[in-house]
Amino acid sequence: MSSTPVVERTVFSTSRTAEFLDWRALQSQTGQPRARFGDVVIKELLDNALDAAESARVRPEIGLAVTWADGVARVCVTDNGPGMPGGVVERILDFTRNVSDKESLRSPTRGMQGNAFKTLLGIPYALGVSEPVVVEALGVRHEIAVSADPSGDVATRHIQVDSPRTIGTSVTVPLPAEQVTAEAVAGWLQKFALVNPHARFVDHGQTGRGDGAGIYEPTAPQGWRKPLPTDPTSAHHYDEAAMTKLVFAHIREHRAGGPDPTVRAFTNTFAGLTGSAKAKKVADQVPGITHLSGLEEHPDQVPVLLAAMKHHSKPPTPSYLGQVPRDHYTHVLDHAFGVEEDWFARKQLTDAAGIPWSIEVAIARTKRPGAVCFAVNYSATFGDPLANTHLVGDQVTSAGVRSFLAQTDAAPTLGNQSCRAAIVHLVCPVPQFTDKGKTALVVPSEVADACAKALTAATRVLLKDKRSKQSTERREARAAEREYKAHAATRAAPRVSLKDAVFTVMHEAIAQARGSEGLSFSSHTLFYKIRPLALKLLPAGTKLKAPYVEQKLIPDWEREQGAIQGLYREPRGTLHHPHDPAGTRDVRLGTREVQQYIPPKWSYNKILVIEKTGLWPPVRESGIAEQYDMAVITNEGYGTEACRELLAKMPPGDVQIFVLHDADPYGYNIARTLGEETARMPDHRVKVIDLGLTVDDAQAKGLEAEPDTRDAALPARILPHLSDTARQWFTGEPCAWQPNGKPAKWRYQRVELNAFSSPELIAYIKEGLARHQALGKVIPPDSALRSTARQRLHHRVVGAVGEAIDAMFRMDRLVPAVYADLDTDQITDIGSADLAQLQARRPSLSWEDAVTTLVDSRMPDDPHLTALARQAVAEQLAADRR
Numbered sequence: 001m002s003s004t005p006v007v008e009r010t011v012f013s014t015s016r017t018a019e020f021l022d023w024r025a026l027q028s029q030t031g032q033p034r035a036r037f038g039d040v041v042i043k044e045l046l047d048n049a050l051d052a053a054e055s056a057r058v059r060p061e062i063g064l065a066v067t068w069a070d071g072v073a074r075v076c077v078t079d080n081g082p083g084m085p086g087g088v089v090e091r092i093l094d095f096t097r098n099v100s101d102k103e104s105l106r107s108p109t110r111g112m113q114g115n116a117f118k119t120l121l122g123i124p125y126a127l128g129v130s131e132p133v134v135v136e137a138l139g140v141r142h143e144i145a146v147s148a149d150p151s152g153d154v155a156t157r158h159i160q161v162d163s164p165r166t167i168g169t170s171v172t173v174p175l176p177a178e179q180v181t182a183e184a185v186a187g188w189l190q191k192f193a194l195v196n197p198h199a200r201f202v203d204h205g206q207t208g209r210g211d212g213a214g215i216y217e218p219t220a221p222q223g224w225r226k227p228l229p230t231d232p233t234s235a236h237h238y239d240e241a242a243m244t245k246l247v248f249a250h251i252r253e254h255r256a257g258g259p260d261p262t263v264r265a266f267t268n269t270f271a272g273l274t275g276s277a278k279a280k281k282v283a284d285q286v287p288g289i290t291h292l293s294g295l296e297e298h299p300d301q302v303p304v305l306l307a308a309m310k311h312h313s314k315p316p317t318p319s320y321l322g323q324v325p326r327d328h329y330t331h332v333l334d335h336a337f338g339v340e341e342d343w344f345a346r347k348q349l350t351d352a353a354g355i356p357w358s359i360e361v362a363i364a365r366t367k368r369p370g371a372v373c374f375a376v377n378y379s380a381t382f383g384d385p386l387a388n389t390h391l392v393g394d395q396v397t398s399a400g401v402r403s404f405l406a407q408t409d410a411a412p413t414l415g416n417q418s419c420r421a422a423i424v425h426l427v428c429p430v431p432q433f434t435d436k437g438k439t440a441l442v443v444p445s446e447v448a449d450a451c452a453k454a455l456t457a458a459t460r461v462l463l464k465d466k467r468s469k470q471s472t473e474r475r476e477a478r479a480a481e482r483e484y485k486a487h488a489a490t491r492a493a494p495r496v497s498l499k500d501a502v503f504t505v506m507h508e509a510i511a512q513a514r515g516s517e518g519l520s521f522s523s524h525t526l527f528y529k530i531r532p533l534a535l536k537l538l539p540a541g542t543k544l545k546a547p548y549v550e551q552k553l554i555p556d557w558e559r560e561q562g563a564i565q566g567l568y569r570e571p572r573g574t575l576h577h578p579h580d581p582a583g584t585r586d587v588r589l590g591t592r593e594v595q596q597y598i599p600p601k602w603s604y605n606k607i608l609v610i611e612k613t614g615l616w617p618p619v620r621e622s623g624i625a626e627q628y629d630m631a632v633i634t635n636e637g638y639g640t641e642a643c644r645e646l647l648a649k650m651p652p653g654d655v656q657i658f659v660l661h662d663a664d665p666y667g668y669n670i671a672r673t674l675g676e677e678t679a680r681m682p683d684h685r686v687k688v689i690d691l692g693l694t695v696d697d698a699q700a701k702g703l704e705a706e707p708d709t710r711d712a713a714l715p716a717r718i719l720p721h722l723s724d725t726a727r728q729w730f731t732g733e734p735c736a737w738q739p740n741g742k743p744a745k746w747r748y749q750r751v752e753l754n755a756f757s758s759p760e761l762i763a764y765i766k767e768g769l770a771r772h773q774a775l776g777k778v779i780p781p782d783s784a785l786r787s788t789a790r791q792r793l794h795h796r797v798v799g800a801v802g803e804a805i806d807a808m809f810r811m812d813r814l815v816p817a818v819y820a821d822l823d824t825d826q827i828t829d830i831g832s833a834d835l836a837q838l839q840a841r842r843p844s845l846s847w848e849d850a851v852t853t854l855v856d857s858r859m860p861d862d863p864h865l866t867a868l869a870r871q872a873v874a875e876q877l878a879a880d881r882r
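Sequential numbering from 1 applies to the sequence shown in my numbering.
Hints may contain errors.
[To be verified] Below, simulated DSS-like cross-link-like pairs (lysine-lysine); rule was C-alpha separation at most 30 Å, straight line:
id: 1; residue 1: K469; residue 2: K499
id: 2; residue 1: K612; residue 2: K545
id: 3; residue 1: K552; residue 2: K742
id: 4; residue 1: K687; residue 2: K612
id: 5; residue 1: K545; residue 2: K529
id: 6; residue 1: K469; residue 2: K536
id: 7; residue 1: K281; residue 2: K245
id: 8; residue 1: K742; residue 2: K543
id: 9; residue 1: K466; residue 2: K347
id: 10; residue 1: K552; residue 2: K612
id: 11; residue 1: K245; residue 2: K310
id: 12; residue 1: K314; residue 2: K245
id: 13; residue 1: K245; residue 2: K278
id: 14; residue 1: K310; residue 2: K281
id: 15; residue 1: K745; residue 2: K552
id: 16; residue 1: K347; residue 2: K464
id: 17; residue 1: K347; residue 2: K310
id: 18; residue 1: K280; residue 2: K245
id: 19; residue 1: K543; residue 2: K499
id: 20; residue 1: K469; residue 2: K529
id: 21; residue 1: K314; residue 2: K281
id: 22; residue 1: K536; residue 2: K466
id: 23; residue 1: K612; residue 2: K766
id: 24; residue 1: K466; residue 2: K529
id: 25; residue 1: K552; residue 2: K687
id: 26; residue 1: K745; residue 2: K545
id: 27; residue 1: K687; residue 2: K766
id: 28; residue 1: K466; residue 2: K367
id: 29; residue 1: K310; residue 2: K280
id: 30; residue 1: K742; residue 2: K545
id: 31; residue 1: K777; residue 2: K601
id: 32; residue 1: K310; residue 2: K278
id: 33; residue 1: K529; residue 2: K464
id: 34; residue 1: K687; residue 2: K601
id: 35; residue 1: K469; residue 2: K453
id: 36; residue 1: K745; residue 2: K499
Source of the hints: derived by calculation from the structure; they are not laboratory data.
Whenever a hint applies, use it, and build me the whole structure from the sequences.
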């Protein structure tokens with residue numbers, strides 16, 4: 001009897017190193033969305049370059065250059081540091097280990113990801129760019145390309161050739177062209193220049209102008225100093241957990257072949273403990289342990305060691321954090337925006353835990369539209385580090401710095417209409433970040449109070465001016481109203497026009513709509529504040545209609561008085577993208593939405609504007625948008641200002657713009673105003689192709705005309721575009737007269753697009769596109785095609801690997817196994833008191849986010865949780881073998 005052969009299963013391990021090559025995983029590591037990977041690269045390269053130069057104790061000379069060609073933006077940053085050794089490059093290519101000289105250290109130097117350079121290697125691949133990252137230093141050019149091999153591990157290609165660079169390091173990272181803009185490059189350089197007065201920054205894309213626009217010279221006086229990466233850290237910055245982490249990081253390096261420092265040598269690396277006598281006194285407190293490796297068997301001695309180090313050294317004062325001179329902030333802001341007047345405040349303190357802090361705030365009224373910049377530890381951040389912090393000033397309460405600045409008139413308003421610039425810089429040796437992007441800080445209450453005081457001091461003049469202006473506007477409005485009423489009481493007042501009444505109350509209406517908080521408001525909100533005020537000045541029974549006020553009177557007032565700060569127009573139309581059946585990328589056409597909209601590359605090369613929202617369903621169902629790679633804008637009537645601003649964003653010649661309208665005077669005028677200047681947009685010029693409906697086409701198609709009346713003259717600018725038949729139709733016959741005998745209304749003929757059946761409408765659009773030689777399908781350059789093909793291949797392979805893993809490991813068995821090793825009762829025992837305590841510190845949290853935060857704080861750390869998961873996998877494999 002033959003026996004069944006026994007097959008010994010191979011136990012496979014799946015590497016997580018390929019997470020550096022997947023854009024979703026990189027989003028998690030960097031804390032930034034895929035669309036901002038270009039910003040991630042620029043920021044990390046500038047951080048690295050400054051650290052390299054400072055480590056060599058030379059004045060940093062940092063260059064930034066970006067070249068765009070063949071759909072690729074090549075970001076290059078150079079420094080004058082010691083040069084990156086080849087051995088460091090080799091260590092960086094080991095994706096199984098962190099390579100960082102700052103891991104576990106607590107110091108007021110630039111906070112960086114432990115895997116920063118690895119993310120710089122992985123981002124190009126994740127975005128579909130096949131070019132290598134290039135590092136040049138010490139006479140060697142390293143060309144490094146990474147990819148995922150079939151098993152999911154990182155495959156590296158490292159080519160070394162000679163390079164003329166012998167001073168400093170040059171790093172070039174290739175990215176898709178749309179990831180990097182000249183504005184972003186200039187913005188990051190300006191932000192870093194703001195908080196690094198000792199460094200020289202050069203934007204090599206600007207130097208050719210000859211006016212120094214792209215150069216920021218150092219202004220730091222002789223003897224100025226900031227904490228350097230090579231400075232000793234203070235033992236007073238550590239608690240027991242942090243010191244244990246640092247000690248065991250050294251032990252881990254020793255096990256990997258690195259040195260094993262003595263306790264005395266380790267002690268000498270801390271501020272105030274560099275002398276041999278103090279180091280001996282500290283070491284004597286842990287007798288029998290000569291080297292750090294000895295603490296692996298005696299981790300209980302680490303707190304003893306830390307206590308001794310603190311006892312024999314003095315805690316640092318806030319002065320050691322350094323100070324950026326006020327004149328430097330003014331110099332850089334003036335260089336970037338032109339400063340007319342500026343204000344400054346600095347607060348330094350030591351918190352209850354003994355940690356020193358420095359907060360610097362600089363505000364400027366500028367000649368050109370400015371920006372709000374944030375920095376932590378001499379490094380620009382992606383956003384407001386105090387966005388989740390409750391700030392209470394003398395007269396202002398806000399959630400975050402941006403809101404505080406907005407309420408005090410110290411920040412650019414919506415649309416960048418006010419000329420303001422600001423920089424808020426925090427320095428601390430132990431920043432507690434709550435996000436992977438290292439932007440959002442959690443600060444003690446005393447630090448939040450100090451931040452509020454600094455902001456209050458720096459914005460006091462602007463807030464006073466703002467409130468004085470608001471008070472004056474309200475006073476003038478009330479005085480004007482009183483004057484009008486007094487005049488009316490003494491004699492019969494002349495008839496006040498709607499325009500005069502609205503203009504009289506406009507200042508008070510704006511103040512009411514904005515409120516004391518200085519928030520943005522819509523034109524419709526402003527109408528509701530105008531109406532009751534204006535009607536008091538008008539005869540009883542007068543009607544004031546929103547379209548007339550919002551579309552005519554408010555724009556007229558802005559042309560005379562200037563743009564209304566904070567005013568935005570509500571969406572009155574929609575941009576539909578092709579190849580988006582669910583409408584997930586639809587863009588509502590309001591002023592804010594259009595300002596933020598960036599036309600996607602290689603998505604469409606035509607736009608069809610339809611004056612009727614109701615015609616979108618048959619257009620969508622016909623598939624004509626996909627057939628022609630054509631975006632579709634649906635409006636109700638005239639194209640809004642936001643719609644025309646969006647059309648003006650389109651690259652001339654690259655995107656054809658078509659319009660479809662009713663065969664009536666308004667339809668013809670809609671087609672004209674989309675492309676020509678109007679009173680509201682006097683500089684507007686866009687090439688628009690009119691598909692109709694024309695009167696002649698309506699007759700040729702046998703569409704039924706309908707009578708209508710108009711009470712306004714035909715728009716003069718459409719007359720040259722009217723055929724004889726159209727002129728006759730639209731002129732019509734008078735049907736009502738004014739007291740002076742002139743016509744007041746005319747009866748005329750028109751045809752709506754709705755006279756078409758849905759199939760007839762689609763056929764008419766196709767005829768028009770063919771007649772006007774519409775562009776063909778969108779075809780990107782070969783580099784973009786290959787990049788997309790690689791992405792699609794990568795996604796298919798990743799999906800297949802995921803399915804294989806799901807088939808091998810049963811989640812219904814693994815998850816309970818991990819649960820069994822967790823104290824789930826302790827983790828999930830959350831009550832209303834817990835939420836109240838957390839939300840008191842972070843009031844912007846919802847209850848769901850608060851629960852998530854509490855659970856995260858009670859969970860074991862990631863390595864421990866990963867170890868539990870691995871143990872569960874191993875037990876499942878062992879059970880399967882049995």
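Tested hints:
1. Distance check on the hinted pair: K469 and K499 sit about 23 Å apart at the alpha-carbon level, within 30 Å; holds.
2. A C-alpha spacing of about 22 Å is found between K612 and K545, which places the hinted pair at or below 30 Å, so the restraint holds.
3. Proposed proximity of K552 and K742 is supported: the alpha carbons are some 25 Å apart, at most 30 Å.
4. Simply put, K687 and K612 have alpha-carbon atoms about 21 Å apart, close enough for the 30 Å limit, and the pair holds.
5. Proposed proximity of K545 and K529 is supported: the alpha carbons are some 13 Å apart, at most 30 Å.
6. Proposed proximity of K469 and K536 is supported: the alpha carbons are some 24 Å apart, at most 30 Å.
7. Our distance criterion of 30 Å between C-alpha atoms is met by K281 and K245, whose separation comes to about 23 Å.
8. Only pairs whose Cα atoms come within 30 Å are accepted, and K742 paired with K543 is accepted, the gap being roughly 25 Å.
9. With a C-alpha separation of about 25 Å, the suggested pairing of K466 with K347 holds against the 30 Å cut-off.
10. Proximity of K552 to K612 is assessed by CA-CA distance (about 22 Å); at most 30 Å being required, the pair is judged to hold.
11. For the given pair, K245 sits about 17 Å from K310 by alpha-carbon distance, which is consistent with the 30 Å threshold.
12. In summary, the hint linking K314 to K245 is supported, as the alpha carbons are separated by about 22 Å, within the 30 Å threshold.
13. Among the hinted pairs, K245 with K278 is consistent with the structure: their alpha-carbon atoms are about 23 Å apart, no more than 30 Å.
14. With a C-alpha separation of about 12 Å, the suggested pair K310 and K281 falls inside the 30 Å cut-off, and the hint holds.
15. Only pairs whose Cα atoms come within 30 Å are accepted, and K745 paired with K552 is accepted, the gap being roughly 21 Å.
16. Distance check on the hinted pair: K347 and K464 sit about 21 Å apart at the alpha-carbon level, within 30 Å; holds.
17. Restraint check for K347 and K310: the C-alpha separation of about 26 Å stays at or below 30 Å, so the hint holds.
18. A distance of roughly 23 Å separates the Cα atoms of K280 and K245; the hinted pair therefore holds under the 30 Å criterion.
19. Straight-line distance between C-alpha atoms of K543 and K499 comes to about 13 Å, which keeps the hinted pair within the 30 Å bound.
20. Straight-line distance between C-alpha atoms of K469 and K529 comes to about 19 Å, which keeps the hinted pair within the 30 Å bound.
21. This hinted pair checks out: K314 and K281 have alpha carbons roughly 15 Å apart, not beyond 30 Å.
22. Note on K536 and K466: the hinted pairing holds, with a Cα-Cα distance of about 27 Å set against a maximum of 30 Å.
23. For the proposed pair K612 and K766, the alpha carbon gap of about 18 Å is at most 30 Å, so the pair holds.
24. Of the pairs offered as hints, the one joining K466 and K529 holds, with about 20 Å between alpha carbons and a cut-off of 30 Å not exceeded.
25. Distance restraint check for K552 and K687: the Cα-Cα separation of roughly 25 Å lies within the 30 Å cut-off, and the hinted pair is therefore satisfied.
26. At roughly 20 Å between alpha-carbon atoms, K745 and K545 fall within 30 Å of each other, so this suggested pair holds.
27. Taking the CA atoms of K687 and K766, the gap is near 20 Å; set against the 30 Å cutoff, the hint holds.
28. For the given pair, K466 sits about 18 Å from K367 by alpha-carbon distance, which is consistent with the 30 Å threshold.
29. For the hint linking K310 to K280, the alpha-carbon distance of about 14 Å falls within 30 Å, and the restraint holds.
30. Taken as a hint, the K742 and K545 pair is honoured in the structure, with Cα atoms around 26 Å apart against an allowance of 30 Å.
31. At roughly 13 Å between alpha-carbon atoms, K777 and K601 fall within 30 Å of each other, so this suggested pair holds.
32. With a C-alpha separation of about 11 Å, the suggested pair K310 and K278 falls inside the 30 Å cut-off, and the hint holds.
33. The straight-line distance between the Cα atoms of K529 and K464 is roughly 24 Å, inside the 30 Å bound, and the hint therefore holds.
34. For the given pair, K687 sits about 20 Å from K601 by alpha-carbon distance, which is consistent with the 30 Å threshold.
35. Restraint check for K469 and K453: satisfied, since their Cα atoms lie roughly 24 Å apart, inside the 30 Å limit.
36. Taken as a hint, the K745 and K499 pair is honoured in the structure, with Cα atoms around 23 Å apart against an allowance of 30 Å.
Hint compliance for this structure: every hint is met.
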